[in-house]
Amino acid sequence: MSELLKIALIGNPNTGKTSLFNTLTGLNQKVGNYPGITVDKKTGKCKLSDTTTAEIIDLPGTYSLNASSEDENIAVKILSEKENSNYPDIVVVIAEVENLKRNLLLYTQVKDLGLPTVLAINMQDIMASKGISIDIDALEMELNTKIVLISTKKNIGIASLKETLLAYKSIPLKSCNISSTSVLKDTSLNKKQKQHKDTVKRYQFIKEALENNYKVEIHRAKGFRTKLDKVLTHKVFGYLIFFTILFNIFQALFSWSEYPMELIDSSFAFLSDWTKGNLPEGGFTRLLSEGIIPGIGGIVIFIPQIAFLFLFLSILEETGYMSRVVFLMDKIMRKFGLSGKSVVPLISGTACAIPAIMAARNIENWKERLITILVTPFTTCAARLPVYAIIISLVIPKGNSFLGMNNHALVLMSLYVLGFAAAILSAYILNKTLKIKSKSYFVIEMPNYKMPLFKNVFYNVIDKTKAFVYGAGKIILAVSILLWVLASYGPGKDFNQAETIIKAKYTHLDSDDLDSKIASYKLEHSYIGTFGKFIEPSIKPLGYDWKVGIALITSFAAREVFVGTLATIYSVGSEDEATLMEKMKKEVHLDTMKPVFDFPTGISLLLFYAFAMQCMSTVAIVKKETNGWKWPLIQMFGMTIFAYIIALASYQILH
Amino acid sequence: MELFQNILVAVAVFLSLRFLYVKFFKKDKPSDKSCGNDGCGC
Chain V
0 MSELLKIALI
10 GNPNTGKTSL
20 FNTLTGLNQK
30 VGNYPGITVD
40 KKTGKCKLSD
50 TTTAEIIDLP
60 GTYSLNASSE
70 DENIAVKILS
80 EKENSNYPDI
90 VVVIAEVENL
100 KRNLLLYTQV
110 KDLGLPTVLA
120 INMQDIMASK
130 GISIDIDALE
140 MELNTKIVLI
150 STKKNIGIAS
160 LKETLLAYKS
170 IPLKSCNISS
180 TSVLKDTSLN
190 KKQKQHKDTV
200 KRYQFIKEAL
210 ENNYKVEIHR
220 AKGFRTKLDK
230 VLTHKVFGYL
240 IFFTILFNIF
250 QALFSWSEYP
260 MELIDSSFAF
270 LSDWTKGNLP
280 EGGFTRLLSE
290 GIIPGIGGIV
300 IFIPQIAFLF
310 LFLSILEETG
320 YMSRVVFLMD
330 KIMRKFGLSG
340 KSVVPLISGT
350 ACAIPAIMAA
360 RNIENWKERL
370 ITILVTPFTT
380 CAARLPVYAI
390 IISLVIPKGN
400 SFLGMNNHAL
410 VLMSLYVLGF
420 AAAILSAYIL
430 NKTLKIKSKS
440 YFVIEMPNYK
450 MPLFKNVFYN
460 VIDKTKAFVY
470 GAGKIILAVS
480 ILLWVLASYG
490 PGKDFNQAET
500 IIKAKYTHLD
510 SDDLDSKIAS
520 YKLEHSYIGT
530 FGKFIEPSIK
540 PLGYDWKVGI
550 ALITSFAARE
560 VFVGTLATIY
570 SVGSEDEATL
580 MEKMKKEVHL
590 DTMKPVFDFP
600 TGISLLLFYA
610 FAMQCMSTVA
620 IVKKETNGWK
630 WPLIQMFGMT
640 IFAYIIALAS
650 YQILH
Chain Y
0 MELFQNILVA
10 VAVFLSLRFL
20 YVKFFKKDKP
30 SDKSCGNDGC
40 GC
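Chains as they are written, first to last, in numbering that gives the first Met the number 0: chain V, 0 to 654; chain Y, 0 to 41.
One should not assume that every hint holds.
[To be verified] Each computed DSS-like pair below joins lysine-lysine, with the alpha-carbon atoms no more than 30 angstroms apart:
# : chain 1 : residue 1 : chain 2 : residue 2
1 : Y       : LYS22     : V       : LYS465
2 : V       : LYS234    : Y       : LYS22
3 : V       : LYS100    : V       : LYS275
[To be verified] Partner residues aside, some chain V positions facing chain Y, computed with beta carbon under 10 angstroms:
#  : residue
4  : ASN277
5  : ARG285
6  : GLY290
7  : LEU476
8  : ALA477
9  : VAL478
10 : ALA556
11 : VAL595
12 : ASP597
By construction, these hints were calculated from the structure, which means they are not laboratory data.
For every residue, glycine included, the Cβ atom is placed at its ideal position computed from N, Cα and C.
Bound-form chain V, shown alone (with noise of 0.2 angstroms):
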């Protein structure tokens, strides 16, 4: 009869936990490098023996038990209660060997629960040429454990840790011995000046641990890291050289996308074009040619920055150096008011603003948390992008200007810098007004600098840019075909007597012109042009026209939704085989003549985009996090109002 034990996974960030779960239990899943970045609980099955079957549940990572975060709450709970569905047979702290003081201190609390304990140290690979050396003997009896050496890296130990976990209870179960385990889980008002006492005493029994047992030549384990930590962590150096990387990124995701998009917009144009001659003529034919295949081709064209876009991030995650960045915004954090756990939320909500919100569970403070919840909508996700880039592309003239650099990077760039400006100073306004008077303190790991695994960055590029294909392109599917829909029919004589009323108000024009005035008509007429024209005077202000203010309201679903309605209203009724962009660059105001998309407009609806918060998602995850609609209600208005007069402010300016 086949056995299934039960183990779990604990350890401190950045000691390749996650890449463990990822050997044993062969999910693929992000590896990072920032504190904080495992949130939720991960499981996976893994073969022991033949007969043995391991549930491995990746606890979220964490310094301690001292259970004043979520993060850890969570930890104590599962391996302190037996009720608890996920209490497990063992327990596996993982360690990394260059910092194992550190990471000690979380197995010695562990140990105390009295669970059957391994500790797996990471990064053998690397003890040579760091100089450390451990005799396992003598810390295994010291520890009363059993202790493996592995690589996740390089794949070593792991078999010998499965033999270690399948003999699991020979494992001693003999605690510490450090102190009641009840410091752990103790709420009482002076739970702080307990946990400080408890935590002295452990890193005294941890330091006669290791005292004879683990040596390291520091001449050797220094060196390199610490020559790199600090130019790129220098005040001034570093923000220069993380402004560089960061230039060149944007950069290379114009210069290096501009081929694929081209391609992919012309053969959507090309796949629309084709529906509409070889498909039997009807609705459900025009719904694909008009409505569906823009819509899509509007999310599909951007899979080339998204996908570089996430390369550039998992390479910098995963060579160490994205903590480093951590380090220089928590020094610009601090004097705005926030602690640096907010950094966390704030640079990972370059990706998405949901798991960013996420991820301000780790900040204990109240108040702190809130405010990072409020004002990290403000940084620029990757849902920004497409709009970003499709505006920019149209309104900002190629070629390069100041100190040679790329306009279109340029201005990419400085949307960039102004979310991240946005999100601190409202964070200080914020402070100010909500009056935080404690601070929590904030524990930075600096991960060694290594080589990207090939593997990481892949699988993340590729789950990134499905999430983003297959989750924002349902949505734009759904509204595409209601678009579609609205834009087709219309109410009353205007809509249905177009032909009659076009025709006879235009006698000399040939048939084609005829067609397009038709269309244009129709589409004025039409249930969605109805409504346009009835909001266009709240936008007209801005720039915008009834069509931009179209794709403003359904883009509240998710930004990128923006890009595939202004494709599927340029489309209906249109029977060229235009591309997108080339669309985007005839549309003019009927009225002047004018280009819609001229500078003004374009710098207005940046400006709009960049301070909105256009994201329904991000409202129900805000709800879910504050247990209420009182802060989600006042973030998006708060955030919706202040982008309509920045947007108003700069047409009125520019115009």
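Position chain Y relative to chain V; hints supplied.
This is chain Y only, laid out in the frame that chain V set:
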């Protein structure tokens, strides 16, 4: 053929409305797929 095509359009509209309703109004928490949100583009 025209009738058949109109039926297909009606089905597509119904499915779209249903999807958007379930996504944004019925569900109180974001999906646990990928980043936790399958509509934000991350």
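Evaluated hints:
1. A distance of roughly 18 angstroms separates the Cα atoms of Y:LYS22 and V:LYS465; the hinted pair therefore holds under the 30 angstroms criterion.
2. The straight-line distance between the Cα atoms of V:LYS234 and Y:LYS22 is roughly 46 angstroms, outside the 30 angstroms bound, and the hint therefore fails.
3. At most 30 angstroms may separate the alpha-carbon atoms for a hinted pair to count; V:LYS100 and V:LYS275 exceed this at roughly 69 angstroms.
4. Checking V:ASN277 against chain Y: minimum C-beta separation of about 14 angstroms lies over 10 angstroms; hint violated.
5. At about 9 angstroms, the closest approach between the beta carbon of V:ARG285 and any beta carbon in chain Y falls short of 10 angstroms, and the interface hint on this residue holds.
6. The restraint placing V:GLY290 at the interface with chain Y holds, with a minimum CB-CB distance near 9 angstroms, inside the 10 angstroms limit.
7. Among the interface hints, the one on V:LEU476 holds; its C-beta lies about 7 angstroms from the nearest C-beta in chain Y, closer than the 10 angstroms criterion.
8. Taking 10 angstroms as the C-beta contact cut-off toward chain Y, the hint placing V:ALA477 at the interface holds, the least distance being around 4 angstroms.
9. Taking 10 angstroms as the C-beta contact cut-off toward chain Y, the hint placing V:VAL478 at the interface holds, the least distance being around 8 angstroms.
10. With a least beta-carbon distance of about 7 angstroms to chain Y, the hint placing V:ALA556 at the interface is held under the 10 angstroms criterion.
11. Because the smallest distance between the Cβ of V:VAL595 and any Cβ of chain Y comes to about 24 angstroms, over 10 angstroms, the interface hint for this residue is violated.
12. Interface hint at V:ASP597: violated, since its Cβ lies 27 angstroms from the closest Cβ of chain Y, which is beyond the 10 angstroms cut-off.
In the structure shown, a violation is registered for the earlier hints numbered 2, 3, 4, 11 and 12, in ascending order.
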